[in-house]
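Line by line, the protein sequences give chains U and X.
For the first sequence, the numbering used here begins at -13 and goes up steadily by one.
For the second sequence, the numbering used here begins at 12 and goes up steadily by one.
The hints are simulated quantities; they were obtained by calculation from the structure and are not laboratory data.
Watch out, some of these pointers could steer you wrong.
With a straight-line cut-off of 20 Å between C-alpha atoms, the simulated PhoX-like cross-links for lysine-lysine are [to be verified]: (1) X:K304 / U:K118; (2) X:K135 / U:K118; (3) X:K135 / X:K197; (4) U:K225 / U:K111.
Covered stretches of chain U, going by a simulated chain X footprint (3 or more residues, C-beta under 8 Å) [claimed, not checked]: (5) 126 to 134; (6) 147 to 158; (7) 224 to 235; (8) 276 to 286; (9) 290 to 298.
Every residue gets a Cβ at the ideal spot worked out from N, C-alpha and C, and that includes glycine.
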Amino acid sequence: MMLHYFLRRAFLIGFVFVALTVLAFSLSYLFPGDVLTNVSGLSSIQPEQQQNLIQYYALDQSLLQQYIAYLNRILDGEWGLSFSSQQPVLSEIIAVFPATLELASYALLLSFVLGIPLGLFAAVKADSFLGKLISAITLVAYSIPIFWWALLLIMLFSLTLGVLPTAGRINVLFDIPTTTGFMLPDIWLSDIAYKAEATQDALRHLLLPAVVLATYPTTVMIRFTRDSMLAVLEQSYIKTARAKGLSRAQVLYHHGLRNALLPVIRQIGLQFSTLITLAMITEVIFSWPGIGQWLLDSIYQRNYPAIQGGLLVVSCLVIVVNMLTEILHTLFNPLARKA
Amino acid sequence: MKKFRLYFEEQNRGPLTQLWQQFQRQHAAVLGLVMFSFFLLLTIFAPLLTPHNPYLQNPDLLLLAPSWSDQGLVQYPFGTDDLGRDLMSRLMKGATYTFGIALVTVIGSLLMGLALGAMAGMSKGVKSSIFNHVLDLALTIPSLLLAIIIVAVLGPGLWNTTWAIMLALLPQFVHGIRNAIQDTLKQDYVAAYRLDGASNWQVLRYAVLPNIWEHLTVMATMALSTAILDIAALGFLGLGAQAPTSEWGVMIADALDLIYLAPWAIALPGILVFASVLSVNLVGDGLRTAMKKRREN
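Okay, chain X solo, but in the shape it has when bound (with noise of 0.2 Å):
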């Protein structure tokens, strides 16, 4: 950027480039990016950095103490577990589990909930009012409550869950997308693309669409990181990913009888879980302040 403006320029940047512009501002939302973008490398390289094989169960150290302790090995930075299984690896590989299962629910059901929110923002009358009476009876019940009972009659285990925390993540993606389009609809340019002959489909796609993924991204951060919170309280419960998986929520659950003597084993998948979440809700605070102050300008 020119320090000095010599002469008078109209800024026409695009939205996005405005967009990052006022993201880039906020030093916290950038912190959160980069966690954000970290645990997503984490998520997909987890497989190669892995120092040691997460389920291989180690006889000779068990319950070793973290390498800052005195009786910790290097090699071993976080010390293992009750069976000898490295800490660190299974973190590591353990970001899979909880980051990436919830990144892929949150966009499946916003795929589905687009889907759905599209057909109930473009209909009117009895079929979007019988629509909206689902929707409140699905919003009522609590996403944890509805995961637990999908989760009880399809049984216990890692895929049920996702298939759980979908379908709860989707009642408010459905109502929320349905929201912004019928706001959309109502604008004077959607009209004037109608006027000029578009169809309702062309209407949606030209749009509408364009004009709500911001309001996407948004709800997406806000649902990954109940997503997040989810699947690690799931797996905690017991109901989720079942013991040998190294998901942190089961990790915490597992340590549970090592409080006294592992503390840090409760505490390392904790942060994990804990940073996580923040830096999807710093992205996404981040986002939103960003959107609103480019609106203002």
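If we strip away everything but chain U, and leave its shape as in the complex, we get (with noise of 0.2 Å):
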């Protein structure tokens, strides 16, 4: 039973994957310019050197064949050179993916700890004042523009209070070496003497775009949890449950809270895409160096490889993430594993 649905999801994905590359190849053809130039990412190419890459990128053989060659290059690691710096491609993106992955755990990390339990309350008190004033807050900030959001929370926190700082991941005057990537782990893991010192800067640094990537996610959660709890509430077992004697708080932590908790699990994965997407819009802000702002100033330079990189990674981890909370919600309901 299990097997088949993991051969089905095995399948799905290849399919998805296929399918993913097969948009990036097209794209060096969809982009604007040359297409030797798009696919090699070289700004200048000496007549006698494009016999060689043409041959090279297979771009005199038929479209299925350059495919395969353009498939073989991407499993290799040759993704192409940035058109600006003329660096590899997925080099800079190994450099700057942690940020990004830093800067959204961070948040979804938040997003779980604000959002499951107020959301709860919202739906265990839904008629009290406290209940529905959770629920308006969060349809506030549901609807709030997060880039006017983020401005706000600088004009207060940084140009008004002068408490927080607007922009990176840490102050310049700290060395850290690069091990991970992650700049928490980086400094713990380092052995320079100023440790805590660095730790304190950079969390103030993480505190105001943790907090404005955080938003829309936590009212997702809140909306989510109460309107699944209150579902859940209304089922009959929940009735049994009470009827049997057992204490509202047994009834609420057994029956409601593992049933209302099934279709969250689902939901992270649907939100994740939202999530990247307004991580991205957060970093240009706060001048996060993640991939959201390497892709954008990719976009302002016309810088195609690096687009077409882009969008195969952010899309492959998006889809990661979206399979596994899958996975993840077939193994705590085994009602799903049918479908």
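Take the two lone chains, each set in its own frame, and fit them into one complex as the hints suggest.
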């Protein structure tokens, strides 16, 4: 049963990857400019080089063979050169990607820690003043444009009060050697004398972007947990459990919570792509050196190989997270395995 | 409505009236509807209502403060920007861009989604399975990323953004419409209609569509709030509407240099984006609740 399910998933993920690479591959043709330049990323191609390059990238062969050559290059880690820096795209992505992951994971964590309890509270006390207040605030926060919200917080905390920094991951005075690419683990792994100060500074830089980025997922989490809990509380097994004489807390924990959180797991996967989109905007505003800012810079510079690579990486991340949450959901929920 | 009911009367009102009755009871939703109508009117009539030409630069009145401050002029309620253009006229004109174009993209996307969703919903077997996989792919790519790629191919600009957002919204519409159609097709009344000899088209036109349009409206409101936010975000990032256009996101990006001097030039367009999205969300939530309550009754 489970094996069959995993096979189906594996087939699906394979199909999606193929379709995604086809899309990325076709972009070299869709983007303006010379195909060879777009594929290789070389800004100036000498005439004597040209023939070799055309053969290397299999551009003289059929589209199918070109695509296969492209797949081979992707798997070998040859993603072409960035127009602007003439560095390999893949190494640039590896350099900026952890920053995005770090920001997104803290925001996601924050949205869990805040969103689930608040959502449960709003569902259990749906008619009380606090419950209604939570729902109202959620609706308001759900409608805020993220870039404006970020600017408001910057105006308040950085410009007016002057308590938080506006840009970057850490003060440039701190010299943190890169090992993992994640700022906080890097600080703890390094052997520098000023660890405590660096940690504090990194946290201060992290606070505003993480709060801004967490706003949307938190509201979605609250709304979703609330709706899901309200739906569960109306089920007859809840009445049965009450009728058996279980206390309110027991019913909520054993029968309500477990069933209500099942769809929430799935929601994480669905919201992840929105989270990445918002992370890109947040990165631009806070000059956070992640893949979002890098990708947007690539667009301003018409850096097509970089856009292609960025698309591939970001979409793969979203697909993998989607798949993982779906598998988790299935593991926890036997009812979902049939579909 | 009569206050006392002397006799037992069965109330058989049309579905629309019932929906409106349930909708009316939610004050927040009605407030949302009022705000929504306000923005809609502003979108249509902005060119007639603006007190000044939104693109006219007045070198004598650069960076005028809003009229509530001592340095402000009452003719310029929200002051002027760094080129001496009246902020209020620009904000009003901006409704046409941000709100109006969001409406256009959603309507366009809805129509395309309806056609594709109907094809997907009415088909079975391998065709439908392939369609699902393609949709799954399209749904995994973040809408803004998709829009950014389309803009990268086509080049920045308001019309390219419109296309990009239309295409980015399409997958969720197709997905939602397909599911709604397939749910409806399982109903007994559809089977009965088929037994009467109805063709696929007749089933779709007379049995399915009248039963999913509410669902469509709720989907459209959700898409509208996404569209407004995406247009403003793309404008803010410099990928959508370009500088002289008074799109709200562009206006915020323009005012960034003046964040110390004129914070209101950032705050006001943001409030409008926020208010328009909030009104759409209030209406959408209200509609959903009203639909649920009507079903229960």
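Exercise for the section: Go through the numbered hints given earlier and state which of them the structure violates, listing their numbers in rising order. Expected result: 2, 6 and 7
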